[in-house]
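Chains W and G are the protein sequences, given in the same order. With the UniProt record's numbering applied, the first sequence covers 1 to 211. With the UniProt record's numbering applied, the second sequence covers 1 to 254.
Since the hints were derived computationally from the structure, they do not count as laboratory data. Where is the CB? At the ideal position from N, CA and C, for every residue including glycine. Incorrect hints may appear among the rest.
What the hints assert, rightly or not - For each label pair, taking beta carbons as the anchor points, the in silico distance ranges come out as:
id, chain 1, residue 1, chain 2, residue 2, range
1, G, Ala249, W, Ser36, 51 to 57 Å
2, W, Gly97, G, Ser2, 28 to 34 Å
3, W, Gly184, G, Gln68, 32 to 38 Å
4, W, Ser36, G, Glu112, 36 to 42 Å
5, W, Gly184, G, Glu119, 32 to 38 Å
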Amino acid sequence: MGRPEVVVLDYGAGNIHSAMNALRHVGANVELSRDSKAILNADGLLVPGVGAFGTVMEDLRASGAPRWIGQRIAGNRPVMGICVGHQVFFERGVEHGVQAEGLGEWPGVVEQLDAPMLPHIGWDFVCPPAESDMFEGVANERFYFVHSYAVQKWDFEVGNPKIKPPQVTWAHHGVDFIAAIENGPLWSTQFHPEKSGRAGLQLLRNWVETL
Amino acid sequence: MSVAIRVIPCLDVDGGRVVKGVKFENLRDAGDPVELAQRYNAAGADELTFLDVTASTADRATTFDVIQHTAEHVFIPLTVGGGVRTVENVEKLLHSGADKVSISTAAVARPEVINEISEKYGNQVLVLSLDARKNPELPSGYEVTTHGGKTGTGIDAIAWCEEAEERGVGEILLNSIDADGTKDGFDLELIRKARAAVSVPLIASGGAGKPEHFPPAVEAGANAVLAASLFHFGPEDMVSQVKQAISEAGYPVR
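Generate the whole structure from the sequences, applying the supplied hints.
What follows is the structure, given as structure tokens:
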């Protein structure tokens, strides 16, 4: 098997080179693109994101990408979101009192953490579920976080045995918050695996190996 | 507290080379910042700070190459400072592979630049780098200096921390000009006063001479510790020695 093709979504996000470098390092061919054909054809799509939720959503919409992201998820094609690229998959974000609508894949609001020290910057532990594929081999490692906002409540509508509920990984900084989600073809992390040293590279390798 | 105390080696870069020198043996080229960065990464450093001490614009371009090459090989956070004056400077550094930028003299000259950078990229990308020296005539007893401690500003250092936090910095790098180079330990009073004034993470810098100097800085309120010479000239396992000292004092490390 050759190296899987990963497209890093190009919609004007800040430092995307780290994610591209890290994915190359763990065995992917990586291309930065906003072209619908490239987005749909890639073995994996990575959605980066830095800055304010509202701005990121505006830029995402302006790029037309939400539609292609949706098509990939509907077609069971892998997508991974990082940091604000993780937050946008929830219903909405509230920053400085300003509400912005997210992609709405999952219920939940991205809100400021109620913590004595913000931003939450540094290496922290997470609590993945036992059956997690994302954290295989790195469940007990620290990952690098740099954020002030996160989803702190999880109200996924369970009850239908035909629907496998998403697997949620929690972390704690002042309050419990969602650190990662595995939901079929859609994986996402609040922390930065591309900046989390050996543990982060292993997590990305776990993803690339599914492609 | 569960966030690990970060241990951060600092590399002073001039014209694409590490200055202040390094002592490591078996390093093909001791002055190569990319190679040194890889070595610190392997030794367990939690983050790296590059300080661009270049005076000329021509040499500054080489710093972008250094950051770019480092980011291709080293997958931990990279902070870059020195000569950052505008939103455009920040943008260029972030696009070269920096995760955070630190700002110092330019923010003192024009504090609004903090708001401008923070509004565009969020406060988590911006580190206020503060060179403070003792001055009993100011309310906190500390004065903001610029140009590496050579120039006084008459501005109270702790009041400046508060203003910078309000304007939108996500971290403060506290460098004690009095302690810097002494190897006698950190200026704990400076750390305590800053800790009492702001709620963003604090990085302590200046004065580290041995691993035992680090736990008191954490006790005083530092969330991260930064040093240059101690790592450049110390034994190759100094990063883990420092972490061990912090851990033995009861604080979490990675």
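Against the structure, the hints come out as follows:
no., hint, result
1, G:Ala249 <-> W:Ser36: 51 to 57 Å, "55 Å, holds"
2, W:Gly97 <-> G:Ser2: 28 to 34 Å, "29 Å, holds"
3, W:Gly184 <-> G:Gln68: 32 to 38 Å, "36 Å, holds"
4, W:Ser36 <-> G:Glu112: 36 to 42 Å, "40 Å, holds"
5, W:Gly184 <-> G:Glu119: 32 to 38 Å, "37 Å, holds"
Consistency with the previously given hints is maintained throughout, with no hint failing.
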